[in-house]
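Chemist: So you can see what is in the structure, the chains are spelled out below.
There are 2 protein chains.
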Amino acid sequence: MVKKAVILFSGGLDSATVLYLAQREGYRCRPIVFDYGQRHRREIISARRIARAADVPCEVLKVPFPRKSSSLTDPTARIPLGNAGKKTRAIPSTYVPARNIVFLSLAVSFAESIGAEAVFIGANAVDFSDYPDCRPMFYTAFRRTIVVGTKSGTEGRSVKILAPLLYKTKAEIVKLGFALGVPYRLTWSCYQGGRRPCGRCDSCAFRAKGFREAGRADPLVVAAAMNGRRGRG
Amino acid sequence: MVKKAVILFSGGLDSATVLYLAQREGYRCRPIVFDYGQRHRREIISARRIARAADVPCEVLKVPFPRKSSSLTDPTARIPLGNAGKKTRAIPSTYVPARNIVFLSLAVSFAESIGAEAVFIGANAVDFSDYPDCRPMFYTAFRRTIVVGTKSGTEGRSVKILAPLLYKTKAEIVKLGFALGVPYRLTWSCYQGGRRPCGRCDSCAFRAKGFREAGRADPLVVAAAMNGRRGRG
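These protein sequence lines map, in sequence, to chains A and F. With the first letter of the first sequence counted as 1, position 54 gets the number 54 in this note's numbering; the numbers rise by one all the way through. With the first letter of the second sequence counted as 1, position 14 gets the number 14 in this note's numbering; the numbers rise by one all the way through.
Extracted from the complex, chain A is given alone in its bound form:
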């Protein structure tokens, strides 16, 4: 019997690592990507490329988030820069209301309907932007909701919500990904969604920290630099 898993997939470093991890654990993977009006929509292109590299189908689902609710979906807002890793800070404006709750709910629905036993999410609560829906206590509560609120849950075979990167540092994730052969060159993390990573938003900063502390070069940054040199030459 093949075991199936739905992967919450964004085209970023974490979810790409999770996809390759789930594959190694023997799951037949069904990544789903959400088009929710994010300004860095180029992550969807990255997601498709990585799925192709991993030889899995990739589903893109449109989800109606209110545009004005976050600097990540409002093109007139500014993405906060230079904040990653500061000790005392509030939840940043890139917070999208209830995003992971919506994504996980849709993933569970999809999982139940295709008979998948697990949903994987690349959430991380170590090197992260303090989003409440990335914290372990949220996952505990959400799992309980699924157990009591779904058919499979009431039948004792609840869809498992797996967040294998939750307690890892970004460096540990990067090392794991290299060991799994994740094509990091194809991933996209920058919130700004420009032609190249900005290097200053939270997402770029945590990514850079991960590669630095893992003692590896970021293949995406290397490729961008190469292209830049070629462009000038």
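I should point out that these hints are in silico values taken from the structure, not numbers from a laboratory. Not one of these hints is a red herring.
Copies of the same chain look alike in the list, so a pair counts if it works inside one copy or between any two.
When the alpha-carbon atoms are kept at most 27 Å apart in a straight line, the in silico BS3-like pairs for lysine-lysine are as follows:
1) Lys4 to Lys151
2) Lys62 to Lys151
3) Lys175 to Lys4
4) Lys209 to Lys175
5) Lys168 to Lys151
6) Lys4 to Lys168
Keeping the supplied structure of chain A fixed, place chain F upon it in accordance with the hints.
Modeler: Using the frame of chain A, we list chain F on its own:
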């Protein structure tokens, strides 16, 4: 300060009653209706009419549910008939995987982004089809998820999830609705989505039971009968 509420709104008897109840309680209401590929899509037309009658804007959001996951979304499947109220029965094929979890999550996202303090849902755990996401224990779990998984929740002002009909019989709901002036003639409950209510699906059966036990005629059925007589005459 105006208090705002998002209403999970289907155009059916329960959610129309909840809309009018929330209005009476002084909320400025923002009903949202989901277009999720349900075969009874005419409930969306009903929803718009009721919203107009209640003088509130009505948002229709498309949500990507897998079609094959339920007899409610798969036009080639059969809607089960004649089962309502049976003592021992399984969750029927009209169950849509994680539907209320998805709907509530999106409603909470919408509520957070417009600064609404509550989400109302017309869920009922007395005269209902045994859907797991209509049971009180599900709401307890979901509330906890919102408290720990959202920005407003972590700031101590969590969006309230209100299910005022949860413990009422259908007859009590009908009586409440008449007292509130709900235009039941405009509502739609039948799962089959034909020109007239089929009278045999779970949803029609529970509705009929409610009006019967409340000692009232169902204005929708009366109107359909009048039209039929006129058509034949």
